[in-house]
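Sequence lines, in order, name chains A and B.
All residue numbers for the first sequence refer to the numbering used here, where the first residue is 3 and numbers rise by one.
All residue numbers for the second sequence refer to the numbering used here, where the first residue is 3 and numbers rise by one.
Hints are computed from structural coordinates only; laboratory data are not their basis.
One or more of the hints may lead you astray.
Computed Cβ-Cβ distance ranges for the label pairs, DEER-style [stated by the list, open to error]:
#, chain 1, residue 1, chain 2, residue 2, range
1, A, 329, B, 10, 21 to 27 Å
2, A, 221, B, 10, 32 to 38 Å
3, A, 211, B, 354, 26 to 32 Å
4, A, 87, B, 253, 55 to 61 Å
5, A, 9, B, 246, 51 to 57 Å
6, B, 48, A, 221, 41 to 47 Å
7, A, 354, B, 46, 35 to 41 Å
Looking from chain A toward chain B, a few residues come up when the C-beta cut is under 7 Å (computed) [said to hold, decoys possible]:
#, residue
8, 36
9, 54
10, 315
11, 319
12, 339
13, 340
14, 345
15, 347
16, 350
Covered stretches of chain A (chain B as the covering partner; in silico rule of three or more C-beta atoms under 8 Å from a C-beta of chain B) [as the list claims (entries may be wrong)]:
#, segment
17, 14-28
18, 38-49
19, 294-302
Think of the CB as a built atom: it goes at the ideal place given N, C-alpha and C, for glycine as much as any other residue.
Number of protein chains: 2
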Amino acid sequence: MPDTRTNTPLPPRSVIGILGSGQLGKMLAQAASRLGFRVHVYSDDAGPAFDVATRQSVGSFTSFRRLDEFAASVDAVTYEFENVPVAAAEHLALSVPVRPGPRALAVSQDRIVEKTFIRDLGIAVAPFAAIADAADLAAGADAQSRWGTRAILKTARFGYDGKGQATTDSADTLNDAFEALGGVPCVLEQRLSFQCEVSVLVVRGVNGAAVTYDIPVNAHAGGILRRSMVPSGLPTSIESRAREMARSIADALDYIGVLAVEMFYLGENAPEPLVVNEIAPRVHNSGHWTMDACAVGQFENHIRAIAGWPLGATDRHSDVEMRNLIGHDVDAWPSIAAEPDACLHLYGKREARDGRKMGHVNYLKTLTS
Amino acid sequence: MPDTRTNTPLPPRSVIGILGSGQLGKMLAQAASRLGFRVHVYSDDAGPAFDVATRQSVGSFTSFRRLDEFAASVDAVTYEFENVPVAAAEHLALSVPVRPGPRALAVSQDRIVEKTFIRDLGIAVAPFAAIADAADLAAGADAQSRWGTRAILKTARFGYDGKGQATTDSADTLNDAFEALGGVPCVLEQRLSFQCEVSVLVVRGVNGAAVTYDIPVNAHAGGILRRSMVPSGLPTSIESRAREMARSIADALDYIGVLAVEMFYLGENAPEPLVVNEIAPRVHNSGHWTMDACAVGQFENHIRAIAGWPLGATDRHSDVEMRNLIGHDVDAWPSIAAEPDACLHLYGKREARDGRKMGHVNYLKTLTS
Chain A
3 MPDTRTNTPL PPRSVIGILG SGQLGKMLAQ AASRLGFRVH VYSDDAGPAF
53 DVATRQSVGS FTSFRRLDEF AASVDAVTYE FENVPVAAAE HLALSVPVRP
103 GPRALAVSQD RIVEKTFIRD LGIAVAPFAA IADAADLAAG ADAQSRWGTR
153 AILKTARFGY DGKGQATTDS ADTLNDAFEA LGGVPCVLEQ RLSFQCEVSV
203 LVVRGVNGAA VTYDIPVNAH AGGILRRSMV PSGLPTSIES RAREMARSIA
253 DALDYIGVLA VEMFYLGENA PEPLVVNEIA PRVHNSGHWT MDACAVGQFE
303 NHIRAIAGWP LGATDRHSDV EMRNLIGHDV DAWPSIAAEP DACLHLYGKR
353 EARDGRKMGH VNYLKTLTS
Chain B
3 MPDTRTNTPL PPRSVIGILG SGQLGKMLAQ AASRLGFRVH VYSDDAGPAF
53 DVATRQSVGS FTSFRRLDEF AASVDAVTYE FENVPVAAAE HLALSVPVRP
103 GPRALAVSQD RIVEKTFIRD LGIAVAPFAA IADAADLAAG ADAQSRWGTR
153 AILKTARFGY DGKGQATTDS ADTLNDAFEA LGGVPCVLEQ RLSFQCEVSV
203 LVVRGVNGAA VTYDIPVNAH AGGILRRSMV PSGLPTSIES RAREMARSIA
253 DALDYIGVLA VEMFYLGENA PEPLVVNEIA PRVHNSGHWT MDACAVGQFE
303 NHIRAIAGWP LGATDRHSDV EMRNLIGHDV DAWPSIAAEP DACLHLYGKR
353 EARDGRKMGH VNYLKTLTS
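Same shape as in the complex, but just chain A:
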């Protein structure tokens, strides 16, 4: 992919192109505007990011003609979700820098490719088996017997927020789960007994320099992130190792922007204390606390990275707990707005459907006065 402008920082008033119009796109657009950039959002639907951008385009991710018009209007392109078609990213990259690059998309869109990629870096992932047909199912059942634990079957592609997943107890339920998920290519993972889930948000710039944020510990329910708490309480040596792992993955992808690396912490004395669960080539829900507890939050640092700017300080000034507002949680906005330690973020979505992320609250634990 030609990218002649790789190391020249984009000046203020340049136009940042964002693929996707959800809340992550909205918060990216706001961060870009704060740095003096203009923003053009391209999406197949009109989401909340459209309300805070200079320009908006509704178009398909498969229409190269529409994508060409978009590319001609922007100085760099980034994305808010990892299911942007790789072909779209590759096509855009012919005429404009696309950051992170198409490779990060390709790796993270397929769980089998992703796990293999990470394992090949010498970084631990949960034991897994690719499941595409009857022979794989038999091998998967054998693997599950060997592990001696429950396992999780996940579609290789297009899963998010716990969708496209099923727990299996035995060879029989494995077959049923595979059918239930539509017989599409899947990955069977050993279900590890872990102490907690953490994530590392690493930001890598165009010159290869990388910084990480403090590490949150994450709580899920129903497959959806509910809370992220910082500090994590993990031993310092473990946190250092987690940061190193995330940097290695970012380096191996020659990554530009914020990369989220979710990990399971199995305990200090486990043979592998940290096991990577999955990566997301974008800003991440478990980093929303950085907006109010850090000098420079994840959204601004992503924009800085993709614009070729120096990265901002990831220093944290406050302990913090982020809570998601899912579905009708958001109806409590009047009382949340009255809580003295609450930094409230509402995405402005039209309808509070079940499971839909409507906003989040950062509770600052260390206000001084």
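For this one, chain A is given, so just place chain B on it according to the hints.
This is chain B only, laid out in the frame that chain A set:
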């Protein structure tokens, strides 16, 4: 002015109308979006706020027809500058809540009205004399002799950033200064010998509850604010008195939103340690540090107030120094972006003219790691 919705908080997705499209309008719009509101900016020119709003209208502040269209599209109106014609605000207020109300505009648009209003509250202002004609000039010269100090002649209306001001040493220069300012109504003020200038940012909600931010000490050059530093270093008792004075003014105006009250500090032992210089019925440059050093910054709190929401915490988590980027100061953005304690805000204005506010930087002094 009818305002039937005074005490009902506006729900998310309501439309906030903002008069004026400059950097203050931009930062107000961004804060409103963060709370899930949509924003419609109305201005006689297309400034930076247009890039971050859901909807934009270019129109005159004297066209009631255009203002009616605007009013019909919004749920509440606020403004980013105090020279909105009072007639426009009054007209809008016939059909939609305008906050702060037209009265705050009327008082703050005329220095003579403003100073008289404040003095009548029992709050100290610098000794002054209204100057409209030859008789006033003679009386003003007498007053200046009595004060025994230099004085400042200011146009009663439309001054900002040091424009519309002249220093006078004597009765002779007073006449010249009055001519130089165009012979328009002016106010002659005693030039006080003060230790520093501070400002109080008070936020008052629809129910009359008010909160204040910590008090910055402000440094000007060429009539333009350059830096605001917090904490101010003033004695606690003085700061308490300053907060009280600002609250009294807000109460007397039945004010809704952020009100900035600039004061001179004459020293603990002066007969009047604090003297009000001027008020601004809007968010204020000397409050920009709140964006990065407080749980809830001035822009969000202004939006909360005018939307009838509970006010947010004004607690400060970090010591901070705000520096304005004036004119070509902004050309240093690449090096400022690399400073580890700098929170950078660029307004995205097209051209860096002399004296033009192009951005600001908040230097956080108390990063923890």
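Do the hints match the structure? See the list:
no.: 1; hint: A:329 / B:10: 21 to 27 Å; in the structure: holds, 24 Å
no.: 2; hint: A:221 / B:10: 32 to 38 Å; in the structure: holds, 35 Å
no.: 3; hint: A:211 / B:354: 26 to 32 Å; in the structure: holds, 29 Å
no.: 4; hint: A:87 / B:253: 55 to 61 Å; in the structure: holds, 59 Å
no.: 5; hint: A:9 / B:246: 51 to 57 Å; in the structure: holds, 55 Å
no.: 6; hint: B:48 / A:221: 41 to 47 Å; in the structure: holds, 45 Å
no.: 7; hint: A:354 / B:46: 35 to 41 Å; in the structure: holds, 38 Å
no.: 8; hint: 36; in the structure: holds, 6 Å
no.: 9; hint: 54; in the structure: holds, 5 Å
no.: 10; hint: 315; in the structure: holds, 5 Å
no.: 11; hint: 319; in the structure: holds, 5 Å
no.: 12; hint: 339; in the structure: holds, 5 Å
no.: 13; hint: 340; in the structure: holds, 4 Å
no.: 14; hint: 345; in the structure: holds, 6 Å
no.: 15; hint: 347; in the structure: holds, 6 Å
no.: 16; hint: 350; in the structure: holds, 4 Å
no.: 17; hint: 14-28; in the structure: holds (count 3)
no.: 18; hint: 38-49; in the structure: holds (count 4)
no.: 19; hint: 294-302; in the structure: holds (count 3)
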